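Student: Residue-level listing of the chains:
Number of protein chains: 2
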Amino acid sequence: MKRIESEQNASIKQWKKLYTRKERDKSGQFIIEGPHLIEEAINHNVQIAHLIVEESYRLPAEWEHMRLDPWIVTKKIMGMLSDTEHPQGVLAICRMSSNELQIKAGGKYLFVDGVQDPGNLGTIIRTADASGLDGVVLGEGTVDVYNSKVLRSTQGSLFHLPVVKGKLEEWMDECKQMEVPVYVSALKGAQSLHDVNSSGSFALVVGNEGSGVRTEIMVSADQLVYIPMFGNAESLNVAVAAGIMLYELQKNGQ
Amino acid sequence: MKRIESEQNASIKQWKKLYTRKERDKSGQFIIEGPHLIEEAINHNVQIAHLIVEESYRLPAEWEHMRLDPWIVTKKIMGMLSDTEHPQGVLAICRMSSNELQIKAGGKYLFVDGVQDPGNLGTIIRTADASGLDGVVLGEGTVDVYNSKVLRSTQGSLFHLPVVKGKLEEWMDECKQMEVPVYVSALKGAQSLHDVNSSGSFALVVGNEGSGVRTEIMVSADQLVYIPMFGNAESLNVAVAAGIMLYELQKNGQ
Chain H
0 MKRIESEQNA
10 SIKQWKKLYT
20 RKERDKSGQF
30 IIEGPHLIEE
40 AINHNVQIAH
50 LIVEESYRLP
60 AEWEHMRLDP
70 WIVTKKIMGM
80 LSDTEHPQGV
90 LAICRMSSNE
100 LQIKAGGKYL
110 FVDGVQDPGN
120 LGTIIRTADA
130 SGLDGVVLGE
140 GTVDVYNSKV
150 LRSTQGSLFH
160 LPVVKGKLEE
170 WMDECKQMEV
180 PVYVSALKGA
190 QSLHDVNSSG
200 SFALVVGNEG
210 SGVRTEIMVS
220 ADQLVYIPMF
230 GNAESLNVAV
240 AAGIMLYELQ
250 KNGQ
Chain D
0 MKRIESEQNA
10 SIKQWKKLYT
20 RKERDKSGQF
30 IIEGPHLIEE
40 AINHNVQIAH
50 LIVEESYRLP
60 AEWEHMRLDP
70 WIVTKKIMGM
80 LSDTEHPQGV
90 LAICRMSSNE
100 LQIKAGGKYL
110 FVDGVQDPGN
120 LGTIIRTADA
130 SGLDGVVLGE
140 GTVDVYNSKV
150 LRSTQGSLFH
160 LPVVKGKLEE
170 WMDECKQMEV
180 PVYVSALKGA
190 QSLHDVNSSG
200 SFALVVGNEG
210 SGVRTEIMVS
220 ADQLVYIPMF
230 GNAESLNVAV
240 AAGIMLYELQ
250 KNGQ
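Residue numbers (numbering that gives the first Met the number 0), protein chains in the order written: chain H, 0 to 253; chain D, 0 to 253.
Here chain H stands alone, though its shape is the one from the complex (with noise of 0.2 angstroms):
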């Protein structure tokens, strides 16, 4: 068994550092919290590099013939890895894997232009996996997918498809080439989501929070698409209007 009871331990130090998007970058690895999620990644084949345990806590039996060997931690320590207000008491290091993705006729895809809140990115990354798309790519400007608020609420999904990061107009290009149609959310100029008439492959693209998508991805589009807005409020939540086209898009080709 594993122990660690120093808060000046060297590896406490290097975790804590991984909720920094550059020590991320620089060690391929991230932090991730709470038995829901590590029991995602396990199962989804994700290299986990350290599992941290407090020393109250029992793992699932289900784990046991994992042979993750521990390292077991004091209930301050935990409390200074974890990043949430009530720490779960297990946390795991792990390796990010090189996800693949590539377009292919009749897919059915979501690409994010610069969303940047990480509970929106996150609750799209969920409904991408709930609406069954075969990959998801993330454009410049759009918050990190390893931060841990993405993380926690991708509820694991981040695990069950690929996302990948790219520039989305070479994205969409690919796109063209395999004849999979590209709608654009757009407030104006755009065609009601209710007359789309979908064959059930697309590439939908959503954008930031305030300003939407960038005009040059808009120009690119092969059709714009809006949800009506039927009462007072001026625009939907991204990741609401999200699923709202998801599944309209989705349920279309069916």
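Rather than coming from a laboratory, the hints here were simulated on the basis of the structure. Misleading hints may appear alongside valid ones.
Repeated chains share a single entry, so a pair holds when one copy, or any two copies, can fit it.
[To be verified] No farther apart than 30 angstroms at their CA atoms in a straight line, the calculated lysine-lysine pairs in the DSS-like style are these: (1) Lys21 - Lys103; (2) Lys175 - Lys164; (3) Lys15 - Lys148; (4) Lys148 - Lys16; (5) Lys187 - Lys75; (6) Lys166 - Lys187; (7) Lys12 - Lys166; (8) Lys250 - Lys164; (9) Lys12 - Lys148; (10) Lys1 - Lys15; (11) Lys250 - Lys15.
Note that the coordinates shown come from a computational prediction; the quantities given were computed from them, not determined experimentally.
Go by the hints and put chain D onto chain H.
Tutor: Frame of chain H; chain D shown alone:
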């Protein structure tokens, strides 16, 4: 011009207490921040008891004729009064209005059973507004709608439609009397949302983030409905689920 320079000022202390539900309920007042939310409040006849402005902040020109007679405060005091990391320079203390709701034949309603995350509740109210509902009922166990994070997430939609607190069982009885069908969001034993034949009049019930809608409510539903899951996600975020369901039920009736 009214100025407050002392951080010990009794009004400052009183206003800060409005971040607690107890004080809001006692005083019948709540606090909102930022020009957008305050403008929505003003435009929808919410009574502004006090407007509080940081000395360097310029009020929007459109507000000048309104004789809002603001309190001018220092940056430090604004920082004390705001609950955001980057205060927007203007706050308002508002009076709660006696929001009334009546179930009518042909109406559209959302009932919320125990949603606890402020961001989720605010987003749900914003979505209810966008989808043109006639009102929202917040059941027991639901986070206070005057919580500052809820208010922020509504983006002002709270002021656009009646949002009331109450016992959902009683409101469901009202629906039965007015022949408004009650759909309850569920994961099991339910009909797929895409197979529901909505007339366009409905009350939709959504539930707690972890445990869903309570059984007592489920048993009184006219129809349990679920959103089909195509990928590996176990469920959707409650605000996303509410959005998908509301737009589908709404659309069917058009």
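Student: None of the hints should be skipped; say for each whether it holds.
Tutor: Okay, the hints, checked on the actual structure:
When the C-alpha separation of Lys21 and Lys103 is checked against a cutoff of 30 angstroms, the pair qualifies neither within a copy, at 33 angstroms, nor between copies, at 56 angstroms. For the identical chains of this complex, Lys175 and Lys164 are intra-copy neighbours only, at 19 angstroms inside a copy versus 50 angstroms across copies, given an alpha-carbon limit of 30 angstroms. Within a single copy, Lys15 and Lys148 get their C-alpha atoms as close as 15 angstroms, and across copies as close as 28 angstroms, so both meet the 30 angstroms cut-off. For the homomeric pair Lys148 and Lys16, the shortest alpha-carbon distances inside one copy (15 angstroms) and between copies (29 angstroms) are both at most 30 angstroms.
Neither within a single protomer nor between protomers do Lys187 and Lys75 lie at most 30 angstroms apart by alpha-carbon distance, with minima of 53 angstroms and 41 angstroms respectively. In this assembly of identical chains, Lys166 and Lys187 lie within 30 angstroms of each other by CA distance solely inside one copy; the values are 24 angstroms within and 40 angstroms between copies. For the homomeric pair Lys12 and Lys166, neither the shortest alpha-carbon distance inside one copy (34 angstroms) nor that between copies (50 angstroms) is at most 30 angstroms. When the C-alpha separation of Lys250 and Lys164 is checked against a cutoff of 30 angstroms, the pair qualifies only within one copy, where the shortest distance is 27 angstroms, while the shortest distance between copies is 35 angstroms.
Taking the shortest alpha-carbon separations for Lys12 and Lys148, only the intra-copy value of 20 angstroms comes in at or below 30 angstroms, while the best inter-copy value is 32 angstroms. For the identical chains of this complex, Lys1 and Lys15 are intra-copy neighbours only, at 19 angstroms inside a copy versus 47 angstroms across copies, given an alpha-carbon limit of 30 angstroms. Taking the shortest Cα distances, Lys250 and Lys15 never come within 30 angstroms of each other, neither inside one copy (43 angstroms) nor across copies (48 angstroms).
The structure shown violates the earlier hints numbered 1, 5, 7 and 11.
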